[in-house]
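*Asks:* One point on numbering: in this note's numbering, the residue at position 91 of the sequence shown is 125, and numbering is uninterrupted.
Check the hints yourself; a few may be wrong.
[Stated by the list, open to error] In silico lysine to aspartate or glutamate, EDC-like type, Cα no more than 16 Å apart, as pairs:
hint: 1; residue 1: Lys-156; residue 2: Asp-200
hint: 2; residue 1: Lys-185; residue 2: Glu-272
hint: 3; residue 1: Lys-167; residue 2: Asp-200
hint: 4; residue 1: Lys-157; residue 2: Glu-118
hint: 5; residue 1: Lys-185; residue 2: Asp-216
hint: 6; residue 1: Lys-153; residue 2: Asp-200
hint: 7; residue 1: Lys-156; residue 2: Glu-183
hint: 8; residue 1: Lys-167; residue 2: Glu-190
The set of hints was computed from the structure by calculation and includes no laboratory data.
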Amino acid sequence: MVLEATMICIDDSEWMRNGDYAPSRFQAQADAVNLICGAKTQSNPENTVGVLTMAGKGVRVLVTPTGDLGKILACMHGIEVGGESNLAAGIQVAQLALKHRLNKNQQQRIIVFVGSPVKYDKKVLEMIGRKLKKNSVSLDIVNFGEEGEGKTEKVEALLAVVNNNDSSHIVHVPSGQSALSDVLISTPLFTGDGGGGSGFAAATTAAAAGGMSGFEFGVDPNLDPELALALRVSMEEERARQEAAAKRAAEEAAKQEVGGEQQSTSQDATVTDSVNAAASEAENRTNDLRDDEDALLQQALAMSMDDPAASLTLWDTAMLETAADDEDLALALQLSLQDSANDQANKADMSKLLADQSFVSSILASLPGVDPNDPSVTDLLVSVQSKSELKNEDKESKEEDKQ
């Protein structure tokens, strides 16, 4: 594992707003920078990484070389796109930051992202390259984006001057569907000069290959056995958790289904009982009403009979049965019967008096203005007497029929 201090130069010019690299040039560049920082810090605990921007008002160092990955990633959120990129000034400032590194045993490396046209001449860049080579600084160039104004020739000339024993590299990334980080992950920027690289870089490269390496989870257990074991354990735990959750969901669904069936059965039984009770109660009420109506009809028929004695007998019988258990009611009925008998006797006496012609004639003679010998009065008396005789005959015949 190489002990190294790295400065990353980010191109944040106006050219980074273009969308030929998904989702934009700047976002694709930021993702690649985050991945490179992770690979560098993971490959050796003593490695340090710093970040600077080359556009805007001037070159700005966001973070000096440090091993704190969180600090490195946090500085990427405050970058604003704008202005023109100053490649020469950016490389020189990066060399100055590496010169003041804390651990002098660390090798020096600069990674430059060039996504906009290069305005400097080839001679100026070659002069900067010779200075880097003199100070043993390696240079990696990521060429993407614009290709005008001899950009490719200039960056290749710069690399040719700096390169010493193949310690420096250049990567040309054409625009297309592949992400910038996916292309860089298989280059020497990740794998290192010897081709082996760190376990993190190897695992990342295998993952980017889409599982084509033939290893489970895309990780070679020989290169990073701890990562492979952690992935396998995590997968087993997740599978067990999902199976337990599915089992619990099935049990709860079964319980809810059984409970719903029982509740519906009990509700149906309750409704049936209520309907039956209501029907029986309505039927009883109908029968009672019919009985009452029949009794009242019979009473009305009996009272409408011409024979008052028969109706009185029926009425007395019904009332006596009702008042069998009530002494007060029995006494009231007895007094009523006596009054009825007296009324009948009075009616009989009146009928006898009206039948007496001499009595009626004396009464009429005593009345002022009435002449008993008047033919109309005489005819009236005769008709009254005849009606009285007819009633007496009917009464006698009914009594004989009853005997």
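*Asks:* Hints first: check each against the structure and report whether it holds.
*Replies:* Hints, one by one, checked against the model:
1. Lys-156 x Asp-200: It is violated: about 21 Å lies between the C-alpha atoms, which goes past 16 Å.
2. Lys-185 x Glu-272: violated, 50 Å
3. Lys-167 x Asp-200: Status holds; Cα separation ~12 Å.
4. Lys-157 x Glu-118: violated, 20 Å
5. Lys-185 x Asp-216: Status violated; Cα separation ~23 Å.
6. Lys-153 x Asp-200: violated, 27 Å
7. Lys-156 x Glu-183: holds, 11 Å
8. Lys-167 x Glu-190: holds, 15 Å
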